[in-house]
Each structure stands twice: as structure tokens, then as C-alpha cells.
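Trainee: Use the sequences and the hints to build the structure in full.
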Amino acid sequence: MTHLETIEQKVQEEFKQYKEMLMICTGTGCVTVKSFNVRDKLSEEIKAKGLEKDYLIVPTGCYGFCAAGPIIVVQPEGIFYQKVKEEDVKEIVEEHLINGKPVERLMYRDPVSGEINEKIEDIKFFTKQKLIALRNKGLIDPENIEHYISRGGYREIRKILEENNPEGVINEIIASGIRGRGGGGFPTGVKWQLCRKAAIEKKETPTVICNGLDRTVIETDPHSVIEGMMIGAFATGAQEGFIYIRKEFAFAIKRLEKALAQARKYGFLGDNILNKNFKFDINIHLSAGAFVCGESSALMASMSGRVAEPKSKYIHNVERGFRDKPALLNNVETWANIPVIIEKGAKWFASIGTGDISDNPLKGSSGTKIFSLTGKLNNTGLAEVPMGTTLREIIYDIGGGIPGGKKFKAVQIGGPSGGCIPESLLDIKVDFDTLTEAGTIMGSGNMVVMDETACMVDVARYFVNFLKDESCGKCTPCREGLYALNNILTGICNGEGKEEDMKFLEELSETIQETSFCQLGATSPNPVLSTIRYFRDEYEKHIREKKCPAGVCKALISYSILEDKCIGCTMCAKKCPVNAITGENKKVHVLDKIKCIKCGICYDVCPVDAVERI
Amino acid sequence: MAEKIQISINDKIVKVNKDTYLLDAVKKAGFGIPTLCYHKDLTPDGNCRLCTCEIEIKGRRKFVTACNYPIRDEIRVFTDSKRVKEHRKLLIEMYLGRWPEVPIIQKIAKRLGVTESRFKSSVTDDNPAACILCGRCVRACKEFMLEEILGFAGRGIKRHMTMPFYEVDPHCIGCTSCAYVCPTGAIKIVDDLNNPFDPVMIRNHGMKINAEMATLDKIQNRMREVGTANIVDVMNAYDLLPVHNYKFGSHPETYKIDSKMLKAKYFTQGMADGCWKGCSMACAKTVDGFRLKTGPYRGQLVSVDGPEYETAAGAANMGCFDGDFLVEFNFYCDTYGIDTISAATTIAFVMEAFEAGIITEKHTGGLKLNFGALREVLELLHQMAEGKGFGVDVGQGIRWLRKKWVKEYGADEKFLCDISTESKGLEISEYMTKESLAQQAGYGLANKGPQHDEAWLIFMDMVNNQLPTFEDKAEALYYFPLWRTLFGLMGLCKIIWNDIVPANNKFEKEAAKIPEHVNNYFKFFEGMTGKELNEQKMLLQSARVYNLQRIMNLMLGFGTREHDTMPYRAKGPVTKEEYVSRAERYDKQLKEILGVDPEGKSTEEKMAILRKYREEQYEKVTDAVFKRRGWTKNGVPTIERLKELGIDLPELIEIIKNHQE
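Chains as they are written, first to last, in the working numbering: chain A, 1 to 614; chain B, 1 to 661.
Among the hints, a few may not be true.
[To be verified] Quick list of the computed label-pair ranges, beta carbon to beta carbon:
1. Ser250/B <-> Tyr314/A: 38 to 48 Å
2. Glu56/B <-> Lys34/A: 55 to 65 Å
3. Asn494/A <-> Val123/B: 14 to 24 Å
4. Tyr314/A <-> Lys537/B: 42 to 52 Å
5. Tyr314/A <-> Ala511/B: 28 to 38 Å
[Unchecked claim] Cross-link-like lysine to any residue pairs, in silico, SDA-like; alpha carbons within 25 Å at most:
6. Lys424/B <-> Phe470/B
7. Lys576/B <-> Asp418/B
8. Lys247/A <-> Phe165/B
9. Lys40/B <-> Val84/B
10. Lys260/B <-> Gly237/A
11. Lys313/A <-> Asn17/B
Worth flagging that the hints you see were computed from the coordinates, not collected in a lab. C-beta: ideal position from N, C-alpha, C; glycine also.
Mentor: Below is the structure:
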């Protein structure tokens, strides 16, 4: 039997042999900006200087700070280097490692204060976070099971196998108040309980499934997901697990395959796990991926080799799911939380977050949530924050605010079918129920921040256009309704909006919301309803005045050159892709409105703001 | 009894069984809701959303589709609330915008008061027979035919119905189920096969059968799921499963070969299989990837077709309660071309003789052929096929063995006759007939020997007690063999006649005949030939064939009463062991039927009384049946009967004339 404590000791002793460890981020984001090359260069350089006995290079999972990649953190010092290129490596080795002088020019500069943050613990992007699911991020090599064990891994499954009290485990999960991180927010423990009950009543063995559509956790700490699934399997009596993951997530899959092989080798998967007569193994299911696969029943249909279409959930998957047997599906982030809940207890977990869940698990949101921060933000990336953190903290402290001195306009939360939240609501606490009240969803935890240059009608059109193509087409309201919504919104953006469109949009959205077959349909009008709710005037301007205040909708804007301002620099004429601008050097230019395709390049390049957009 | 749940529908209180679909409850309560994708014979899909209702559950209001919402809680239902009406109107408006000319859509729109649509767009389709994506055809293909030839492709507005890769799927046999359920006529039928007289008549009755198979099998027999193996469980429960050469009717180890075990451990493919493509019953089953342990293919992975009931029951008859054995026995019988019933019954007979000491290892070539001797049975089977050793003898069947053993080994002929489970030289098929006189005669009086395909009356006679008098039994033994002759004449399977019965069959006057299903066959005949068929005509044409068969029996030396006997093992307890094992039942019969007090009598005495009674009964029922069939007391068709049937041909009269009374 594998002795966890022995492994932990071994790893720690190994680490102690080194002066310092160079943690280099090998999450997908950093890898795309060549962090593997940096790693190889680093290793080469260290060897060349004969320092390999003093410095250990550890390729880590994603730090989440994708805007700053590739990242190197020198531990235990905590010196944080960002945007490291191959040619920077030599300097780091020579200046920092040999001469003991950290390289300032590679350090992070706070976008607001302009101060240099030398260490990782100085950077607001990290300090405002609380890590549970991503507790090992940047601290371990995700491809080394011993690193996971050295951080306390696989202790919790051992504990619960020794205690042998599956109901106890479920009660603990219920008491923790954790709700599904996949977006729906159903109390995880209650789901486990229903699954166990159905399995016992029907005398069937359930299957545990991990929706791996969010790859970060898998890339960062795959064993935390495996251990979580083991605990779920033990609690519900499952013997087989699946991780459903998109085929194009090559890194995550590779790491997962390695992790599963190691877990098998170390005896955490297979028969008679930890000599406790517990049998469990996990398969990887590679998916072709479709937005609708976020719907659990469609995911299971896809796993069965069928077209990803949802099934009626009046009889839930925990009772009749994959292979028509009880199936326990949780999102990858939920699974990664489980071992920590078992380790630190339900009380501790419930103390983080909002609401009082003591009598009803639906009356609060406990724990943390990982958000993906994108759009007009200085610090784009992934951040795990306690439930109840305000939007303002997430956007301004962690996200570093809006770049280019632009004004914040809205944040769209929860993925394509999320709603847009305006500035007036920036102080709401982010949790399941508050977001729902505000007209959006927790969904995938995606946040798209938009600045003043965004047209909210166009934003709604953009998402609805995406959703109408992702609708599986099974049910009428989602298929026909989204198509119609898109037509109306496109019409409004094209200046063909009619007075009655607003009412029709609302009426249609409500019917789609309330009669759609699955959650894709039910949530799909959120971008429309939320933008109407918070930005009604923009719609009205589009429809009544045929104006797009943000200057995005091409049909509603026109460009012209202000004679009194134009200095005849020829910049606009040179850049115009359709030669719609003519004019001689140092003379006023003229824009041909018929030729103009309204790309806005002239507007952007004019050094004296002589191009006008109306 | 199903759990009852009280719900209110538009404030009307009704009680429904748990898991009843809301739509059924709503209809039963007398309310109407529009439906489009719903079809009574198909699993509800809930894709059109028109049947959306508002419910209040645990204080919360929500919208559900009635067609597929199973009632599990005490809910309040509002089928016509303001919100529901608004949603429904908008939904049908969507349909009306996309397919404005489709009559069923116009009809529903009119009913809901919608005349104009704001949903006209570039995808509006003016075809009155457009596909409206309800998916009934997809479900019919899957549920009726167990095929998935039709399916949807494309997401969102691009969704459309098609066959895989946009090619005409060669698996489509043109069953027309899809067209039958299509609400718009989008699927056209082109009749170009066999030129039947009335294809619509055939189709309508065929579709009825398909629907019954899809909806009733799962609650009646589960034959799509486990094939005929489901009968193992039933027979064991009713003490009718042949065990140890028909000594007993059940065994504690039956679970090792019953349908649950076969399904859990053996049947592969996870789906129904059919004898021919297009069968909607599809009761054939397969065990794939089975590794053989014996014989010429030892060690190889094979696919085994089966096991069916009779093969599994044959294993029970040999006392071989072992799944692996059953599948291997099945495989080799099939491969060698040996009937599993004859093989199992013969070997069971050999086993009893071996255990009774009539034959020993000296005769069997060293094989210890006790009941349950798995390895030895397979070895014997291989010997039979290879023409080696003891297998040469056993391969000749029970009648031959009995004669040899009496003649050469001086065996007790009377005992051997009693346990020789054959008649007319054919081994008895795998049902216990001891407690059903009608079934004994069903076996004994069958033209081709004691198999179950001519008259299977055990349940009617013994379990349901529908044939109390000799006349009733005689009538059944007149009607059913003639009715079942029709299957042979038409070349149609009988499974769709009586294995699944219509939901309301029990209310029929002659329920045992399953009149609605009999009518299906008549309509198939009529639809094919243009000639009407009814019971009288059917009986006439079958009786001609049946009587001809009887005359052929006579020509071959098997056509008289002495050949219609059954061994006593099929009629009652031969051994003390058998009597004692069911003493309570037999004692009760002595007391209640014969008025004999079993008290103070030895088992031998009681057995003798019972035997005398049962053998007389058999003779009486034989008399009654012959009379009903228009045969002489010796079992030969009378000349009058041939005249009646219009087959009084001189060459036939010539054969029977010396056998008239």
C-alpha cells in the first residue's frame, strides 16, 4: 500500500535540497505564448551554469493570470516575473539566481498605482483571491502525483474509506452548502443524496461524471478532481466514473491521462482501493463539444454516442441518467472542492460565502467561485474568489480596472446566455441568487467586461446570434424563438426597428424563458432581457432615432471629415481599405459616404479627431 | 397496487396512479389541451411545448409539458391559466409563421384564436405537407422498429429530418411506421412491393401491432429485453419448469439461468434483436464474445444466438443450473444442428436412468451422468456429433434407447416407459404437464408429436381455470391446433398473436383466443389476397390441412389412438420421491376430487389411486377431442368429416376406409 506520509516526506526532503524552485506556468494560456520554450531555455541556462543542483524547475498548472504570461515565480522567495521571453531567461539566471538581484523590468506593475509588485503576494490580482478549488495552483507540478500527495492529497479519500460512512459524507457535503459550480447552482449534497437513494431503491450502480468543459482545474490540479470523484463514488456507491472533456483541450487531456495512470499505479483507482474493498476507476470521454452539452442530459446523450440533445428532466439524471441508470454529474470545479470540504469540514466551508444555509441549502452560496475575466480589463485571467465578493472588487481590484482610461459600461456574466449588469449594480455581492435577481446567471463563471464603446443592442444581438446557432433545435421556443429574436435584434441594429419590437422582444423572451425544454433555452433570453432592463434608452435610440449611441451599429452611423479640423495628413486616406477618402497632402480630405464601409479605421487613426462619427 | 396521488386539475380533484403522465390525467379529467408532437403510441417527447401547463408544486409555480410530466407529487394543475394561454398562443404563432399552410397547424392556431403570425421569415415554408420537426417518425422508427434510420441533423433553425449521411439507408425496409405517425403527410409511401390487394389495410393492422409491441411488451413480458427467457422465471414460479427429467416443477437454483441472470451477465448488444429485419417484437437475443471451454472450438470467442426459454428449461431438466453451461450447450447444439429440446430431454432421461442404476458407467463409457453433470453433458453432446462412444446411442433418442436397454440390459420396461418423456418417438418439449390435463392431451394428440406449437393450454387450463369440463378442453384442442395451423399456412409468426395481448383483452368474451389479434391475421390475409377471412373460413381451411396431416400420420404408421399416448411422467408422479415432494397437493386432490381420505394410506397406495384416476382422465379427454375433431374413437378422420371439409378424395378415402367404425 502506498504510504501517503512517506511520499510527503520524500517530496519535501527533495525540495529542501534546492536553494530555490522556479515555478513556470504551463497552463494553456502561457503555453500559447511559448512558456515551454522558456522552460527549456531556463533548463539549458541553468545546466550551462552548473546550477541544476541548486535550482529546480517545476512546470505548474495555470496561475490564472493569463494577461501576464508566461509567468515564472521564484519560490520560496515569491518573486513574480511576467511576460518572460526566451531572451529574458539569461538575465534572470545571471542577475537573479547568480548575482541575487531580481530583474525589475520583468516584474508586474500595478495598472492603477503604477507601482512595481515584486512578489506574488503583493499583486492584487492574487491577494484578493481565496483558493479552494485551485488550492494547489502554481505550487505543484500537475503531472506529478507525489506533489499532490505532498500537499495533503488523497488523505480525504483514505479518511472516508476508513470511516466507512457514506451517508455521513453526504451529510457533510449538504451541510457545507456547496452548490453546483456548473451554473445551475443545485445543492451538490442533495444531488448526491438523491442519487444514492435512487441507486439503492432501483438496485443499480450509479455512474459519476465530471463535466470537464472548464479545463483549468484539470490542467492545474487533476488529482483534486480525481479525489473528489472518488469521494462522490464512495458516497453514492458508484464504481465507474467518466470525465467528459472536449477533444481540443489537448493539454488537459494529456495531464488527465497521466494523472489517471499515476493514480492507478499508486493504487487510488482500480479494485480494492487502499485495501478497503472499494472499487472505482475513471474513463475519459472525449467530446466533440457543443454549447448544449452544458445541459446535463444532453451531455449524457453525447456520452452515449447520440446527438447532444437534452432529455426531459422531470425524472432527473440522478434517477435515470447515463445508460438509464442513476448518474451523478458534477462540474470539475465542484469535484475539486470536495476533498477540501471533507478535510476542513462543512462548517468551515459554509463560513465562506453568503447567506444562511443552516435550514435550507438553497438559501445561500458558500465557498468560492472561479471566474474567468475577459473583455476590457487590465488583468484578464482566472480568479477564484469567495462568494459574496462584489463585482467592483472583482473588476477593479483583481481585474485591475478598465484599460485606456475608458469608462465601464457593463459586465456580462455566466457565458453567452448570461445577462449584462450595469455600473449601478457593481456593488452587488456575487452569488447564485443575487445574480439571478439581477437578471443573469452564475453559469460558467465567465465575465466579459465592456467599456463605453460597446453598444448594448449589438451585444444582445451578438449573443443571441451565437445562441440561435447553438440551440439544438429540439424544442419550438428555443429553435424558432431565438431565430426570431435574432432577426428582430438584427433589424434594430440595421435601423429597421419598429416601435412594437420592444414589446415583442420582451413577450418572446418570456415565452422562451418559461417554455423551453432545457436550460439553454430558458437562459438564452437573458442578454436581451437584461439589456432591455438596464439599457432601454439605447434600444429606444436605435428604434426611434435610428441612432447607435456607442457608434457600433454600422447602419446607424456615418463618418465624415470635419473640414475645419482636417490637417491633410493623408493618414486616413492611406489606411482606408476601400479608398473612400480622397485628398491631397496638407489639404482637406473628403470621405465618399457611398463607398464607405464604416470600418472606423479613419476614425481611429486621425491624429486630430477630424473624423466625425454620428 | 400502484401508489395513488391526489391532484387538482383546474380545481377538479382527481386521483391518479403515481407516474401517470399529466396529459393522461388531464384528458381523463375531461379537459383538452392542444398537442402536436404527442402520439398515443410513442414515448412523449415534449418538443412542441404546446401542451405546456402551469403547475403548483410545494408552493412554487412552474410550467411543465403535460405529455411527459410524470405525476409524483400532490400538485395543482392549471391547463388554461392566463400565462399558459399566452405562451401557447405564441408557440403556435411560431409554427404558423414557419409553416403557414400545414392543416394541423392551422387547426390548432384557429382553436387558440391565432390567425396572423409575426414569425414570417426567410425560412417560412408554404408547403402544406412540410415536415414540422415533431420527431414522431424518429420515435416510431426507434420504438416500433428498434431502428434509428431516421434522425435529426443540424442545429437551431437548420434542424431537419434525414437519414444518416443524407443517403437512403439500406436498413430501411419500408415499414411505413414513420409515415403512419406523421401528422402532416411529409413522408410519402410508395407501394411497390408484392402488389398486395389493400396495402392500407395491412399497414393499419401492422401499425397497431407495432404500437402494442412498443407500448405493452415492457409491461407484459419484456420479450424485447430478454426474449423468451422471461418464461423461465414464470414457469419456475408456477411449478411448471421441468426439473430432473420432469420430476419437479421448480428448483432453488433457477436464478442461475433465469432472465435476470441472462440479462445481467450474458445478453449483449443491449437491445432487441429480430429473426428478420423489421420485426417489432424482436425477441431473439445474442450472447457475444463468449469464450468456449470445450469441444472443437475450445478457447474461441463466439456469438451465440439465444438462449431461449426451451433451451434454458432444458438445462433445468438436466439439473444443469449454470449460465456458462447453458450458453455453451446452446452454442454447440446450434453448431451441430441438434435440437436443444430433443437433446436436453433425451439426456435428462438418460440421467434419470443412470441415477436409477438402469445404466452405469460401463454403458456410458465412463461418463458419470448424474443430474447437473455439466462437463459430462457437453462431452456427451460432442460424442453425439462426432458419432463416438455413448453419444452414438444417445443420439438415437429416447424411444430407441428404451428399446435397447430393455432388450439388451434387461431393464424394467414398465418404469422406463413411465419415464420415457416422448410420444410418437419425439421428445417432449420443456413444459411440465402433470397438472394440466388439456396440455397433456395438447402434447399427446399433436400430429407431429409432443411439442408446444399446436396447443399451449397450460395457463388457460391450470392457472386461469378457463377449461373446467372435458367439452371445454376438447373445444380448445379442436380450435387452437386449427388456429395455429394458420400461422404455418400464412408463414407468419405467432408471437404477435398471444405473447403480447391488447390492453383491454381481458374484457373480450373469448379472451383466450385474443380476438383482436386473430382479426389482425384475418386482415393481413384479406389485405394481401382480397379475400375475406373469418373464423369459420379459417377453421375450414386449417381443418383441411390438419386432417390431411392426420391421414399422413396414418400412412406413416402413427395415425391411431395408440400413438397418441403420453408417458405417465407427463401425467402424474411416477416415483415416491415425486409424490412426496408435492404430497400436500396430491393429497388434497385425492380428498377433494376423488373423495378419498389420504389419511392412513401408504404413499404407494395413494400413488396407485391417483394414477388410475389420471390415466382415465386422459382417455376421457382423448375421446372428447376425437369426437370434436370428427374422428373415430381410434383417432381416424371419418369419411363424413372429409366430405364436410370437401376433401373426400378417393385416394384419401382409400387410406381411411378400413379404419372407420
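Trainee: Each of the hints needs a verdict: does it hold here or not?
Mentor: Each hint, compared with the structure:
no. : hint                              : in the structure
1   : Ser250/B <-> Tyr314/A: 38 to 48 Å : holds (41 Å)
2   : Glu56/B <-> Lys34/A: 55 to 65 Å   : holds (59 Å)
3   : Asn494/A <-> Val123/B: 14 to 24 Å : holds (18 Å)
4   : Tyr314/A <-> Lys537/B: 42 to 52 Å : holds (50 Å)
5   : Tyr314/A <-> Ala511/B: 28 to 38 Å : holds (36 Å)
6   : Lys424/B <-> Phe470/B             : holds (24 Å)
7   : Lys576/B <-> Asp418/B             : holds (13 Å)
8   : Lys247/A <-> Phe165/B             : holds (23 Å)
9   : Lys40/B <-> Val84/B               : holds (23 Å)
10  : Lys260/B <-> Gly237/A             : holds (21 Å)
11  : Lys313/A <-> Asn17/B              : holds (20 Å)
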